[in-house]
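Protein chains: 2
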Amino acid sequence: MTPYESKTGATTVIALDAMGGDYAPDEIVLGAAAVASPSLKVTLTGRRAEIERCLAEAGSSSAKYLDIVEAPEVISFNEDAVKAVRAKTNSSMVIACREVAEGRADGVVSAGNTGAMLAAAMFNLKRIKGLKRPGLCAVLPTPGKPTLFIDVGANSEVRPIHLLEFAHMASIFAQDVLEVTNPSVGLVSIGEESIKGNDLVLETHGLMADSPHLNFYGNVEGRDILRNVVDVVVTDGFTGNVCLKLMESTSSLIVEEVKKAANSSLKARIGGLLVKKELMEFKKSIDTEEFGGAYLLGVRGLAVVCHGNSSRKAIASALKYAARAAEQKLIGKLEERIKELQPV
Amino acid sequence: MTPYESKTGATTVIALDAMGGDYAPDEIVLGAAAVASPSLKVTLTGRRAEIERCLAEAGSSSAKYLDIVEAPEVISFNEDAVKAVRAKTNSSMVIACREVAEGRADGVVSAGNTGAMLAAAMFNLKRIKGLKRPGLCAVLPTPGKPTLFIDVGANSEVRPIHLLEFAHMASIFAQDVLEVTNPSVGLVSIGEESIKGNDLVLETHGLMADSPHLNFYGNVEGRDILRNVVDVVVTDGFTGNVCLKLMESTSSLIVEEVKKAANSSLKARIGGLLVKKELMEFKKSIDTEEFGGAYLLGVRGLAVVCHGNSSRKAIASALKYAARAAEQKLIGKLEERIKELQPV
Numbered sequence: 042m043t044p045y046e047s048k049t050g051a052t053t054v055i056a057l058d059a060m061g062g063d064y065a066p067d068e069i070v071l072g073a074a075a076v077a078s079p080s081l082k083v084t085l086t087g088r089r090a091e092i093e094r095c096l097a098e099a100g101s102s103s104a105k106y107l108d109i110v111e112a113p114e115v116i117s118f119n120e121d122a123v124k125a126v127r128a129k130t131n132s133s134m135v136i137a138c139r140e141v142a143e144g145r146a147d148g149v150v151s152a153g154n155t156g157a158m159l160a161a162a163m164f165n166l167k168r169i170k171g172l173k174r175p176g177l178c179a180v181l182p183t184p185g186k187p188t189l190f191i192d193v194g195a196n197s198e199v200r201p202i203h204l205l206e207f208a209h210m211a212s213i214f215a216q217d218v219l220e221v222t223n224p225s226v227g228l229v230s231i232g233e234e235s236i237k238g239n240d241l242v243l244e245t246h247g248l249m250a251d252s253p254h255l256n257f258y259g260n261v262e263g264r265d266i267l268r269n270v271v272d273v274v275v276t277d278g279f280t281g282n283v284c285l286k287l288m289e290s291t292s293s294l295i296v297e298e299v300k301k302a303a304n305s306s307l308k309a310r311i312g313g314l315l316v317k318k319e320l321m322e323f324k325k326s327i328d329t330e331e332f333g334g335a336y337l338l339g340v341r342g343l344a345v346v347c348h349g350n351s352s353r354k355a356i357a358s359a360l361k362y363a364a365r366a367a368e369q370k371l372i373g374k375l376e377e378r379i380k381e382l383q384p385v
Numbered sequence: 042m043t044p045y046e047s048k049t050g051a052t053t054v055i056a057l058d059a060m061g062g063d064y065a066p067d068e069i070v071l072g073a074a075a076v077a078s079p080s081l082k083v084t085l086t087g088r089r090a091e092i093e094r095c096l097a098e099a100g101s102s103s104a105k106y107l108d109i110v111e112a113p114e115v116i117s118f119n120e121d122a123v124k125a126v127r128a129k130t131n132s133s134m135v136i137a138c139r140e141v142a143e144g145r146a147d148g149v150v151s152a153g154n155t156g157a158m159l160a161a162a163m164f165n166l167k168r169i170k171g172l173k174r175p176g177l178c179a180v181l182p183t184p185g186k187p188t189l190f191i192d193v194g195a196n197s198e199v200r201p202i203h204l205l206e207f208a209h210m211a212s213i214f215a216q217d218v219l220e221v222t223n224p225s226v227g228l229v230s231i232g233e234e235s236i237k238g239n240d241l242v243l244e245t246h247g248l249m250a251d252s253p254h255l256n257f258y259g260n261v262e263g264r265d266i267l268r269n270v271v272d273v274v275v276t277d278g279f280t281g282n283v284c285l286k287l288m289e290s291t292s293s294l295i296v297e298e299v300k301k302a303a304n305s306s307l308k309a310r311i312g313g314l315l316v317k318k319e320l321m322e323f324k325k326s327i328d329t330e331e332f333g334g335a336y337l338l339g340v341r342g343l344a345v346v347c348h349g350n351s352s353r354k355a356i357a358s359a360l361k362y363a364a365r366a367a368e369q370k371l372i373g374k375l376e377e378r379i380k381e382l383q384p385v
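Respectively, the protein sequence lines represent chains A and B. The first sequence begins at 42 in this note's numbering and counts up one residue at a time. The second sequence begins at 42 in this note's numbering and counts up one residue at a time.
Just chain A, same shape as in the assembly (with noise of 0.2 angstroms):
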């Protein structure tokens, strides 16, 4: 984790909800710490005093990049969403989102509750124009480079022109901010050829052929999600929240089973040792803290919503690419597709 440097030389500015995740404040505010620089500035929203206590026991260098606003609630992971956010006015998230609405911050990271952190950024922060829904974009860390998955969970009943705005959106962050080069774009089905799937699929599948600036690939299947078939896997949230969660359940047990079964005697376990080091780096390889979090595409500023057991290298990375975005002008060119995907 090395300081932020900007390619451009903008300066830009995000705001951390310091208080949102199972680590915070400590591993939240080193996070910041790590990348803070003269062209990435943080604003931290929480307890004062407690933030304080994390920069001074850290020693950084960095703290002069680093902002502080008060919030004085916290929205805790077993809390009702969307009431909490209505309710705690002034909790770290809801103060966080603030700065980015009130033009104080380019974007927003929070590893707080994940449907506070969606509701919260919903209200506060203003829709792009002419977007019917925004969407939340999983980056998945797959051999060789990244592969997007959208909509993970922001919307649980869509409309083939929300998927095709997903598709948009998401290609867009693909190819500004991940650096994909042209991002070929799959939608979600139940077989490969363009008649398979459901009502849904089917329509949209149709609408994203015939979309200019789309590299669209065409349908993909579970099995593909994984496999780089394409950049851009593209589902509506109900299917892509039961998917993100799969894999991450699937690839979380194999793992325990292998550390078990190189476990189970003295022999494994001397070759459990042999093999560590390999299996570390492979683990290191498809490691989800690499890309930050999952990013709320179409709202103006871009949040990121991390998982609650994020440590500072997750939230390093939730900033880099967050700072990225503002200084690509991601929003600027999400608009601008948005327009020309509205009917003349």
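Keep in mind the hints are simulated off the structure, nothing from the lab. Hints are not guaranteed to be accurate.
Copies of the same chain are indistinguishable here, so a pair counts whether it falls within one copy or spans any two.
Taking lysine-lysine pairs in the DSS-like style, the calculated list, with each CA pair at most 25 angstroms apart, reads [what the hints assert, rightly or not]:
| id | residue 1 | residue 2 |
| --- | --- | --- |
| 1 | 48 | 374 |
| 2 | 301 | 374 |
| 3 | 380 | 186 |
| 4 | 317 | 300 |
| 5 | 124 | 237 |
| 6 | 124 | 318 |
| 7 | 308 | 318 |
Please arrange chain B on chain A, whose structure you already have, making use of the hints.
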């Protein structure tokens, strides 16, 4: 693989598509030869000469429990499912289904084109009286005990009543065929609370909660599917199909990468060898061939749809479970339950 033994003294006949599958007819015929017995007779459908050659090569002692019905045509993997089933009425697959439809067999097994086998079973076997939709039920080899997952692709558009039917049918299958006591049922959603989900799930949740004879647990999330949270996981055929293919590819991808890691240096290779036995045992414990294939519940006569790459072991398992189902009078029990679900 041992010859099938009846628990009740009954004799069961299962029709087997000898020509369907990547390793047909050899592996298919050998699977049948392994389990055929005085209480499980297998009717092999396909090209008699090829089947006889396989049997002669195997020199099986169970040949007297195997019967051959000539079928000159074969449906291949790249054919359009519905068209192929309509056109090739003398294919090994269609003829195997007809053995059940015309009362000469109690169930049917095929490792051929999945879509075609679904279509062949739906067209040829009658639906259980009063049932709205048959569902395709996969058996996931989760640690400790299997998890049933329905629907994995028979219905891409469903209504709440269809999901309720799936839940009841899979519960009876779990209890009577897989010997799971009082199986619990979970409904796939994007949050555990009953108010979370799309419109389909919200309405289904209420139906399931109120349904007698159903051990309804509530909603489960993607991360719960493989974690033995419930015995029966219910979802629509779109989500189920995407999830099934996703989990298969996730686990094979990780196993590939672990293998690669254990081959990347001499030290790692030695380590890999030392831990190999334990890893193979783990791999065996998640062996999808253990349960043969996916079971189409709701037609009169159980239809088992096996993976294209099925070995003799998968075929043998499928035949055994199909025989067990027939012995347990599964279809009669499903009919009774579906009758109880009818509005009075």
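Consistency of the hints with the structure:
{"no.": "1", "hint": "48 <-> 374", "verdict": "within (18 angstroms within a copy, 69 angstroms between copies)"}
{"no.": "2", "hint": "301 <-> 374", "verdict": "neither (48 angstroms within a copy, 41 angstroms between copies)"}
{"no.": "3", "hint": "380 <-> 186", "verdict": "neither (30 angstroms within a copy, 53 angstroms between copies)"}
{"no.": "4", "hint": "317 <-> 300", "verdict": "both (10 angstroms within a copy, 12 angstroms between copies)"}
{"no.": "5", "hint": "124 <-> 237", "verdict": "between (40 angstroms within a copy, 14 angstroms between copies)"}
{"no.": "6", "hint": "124 <-> 318", "verdict": "neither (46 angstroms within a copy, 53 angstroms between copies)"}
{"no.": "7", "hint": "308 <-> 318", "verdict": "both (17 angstroms within a copy, 10 angstroms between copies)"}
The structure does not agree with the numbered hints 2, 3 and 6 stated previously, though it agrees with the rest.
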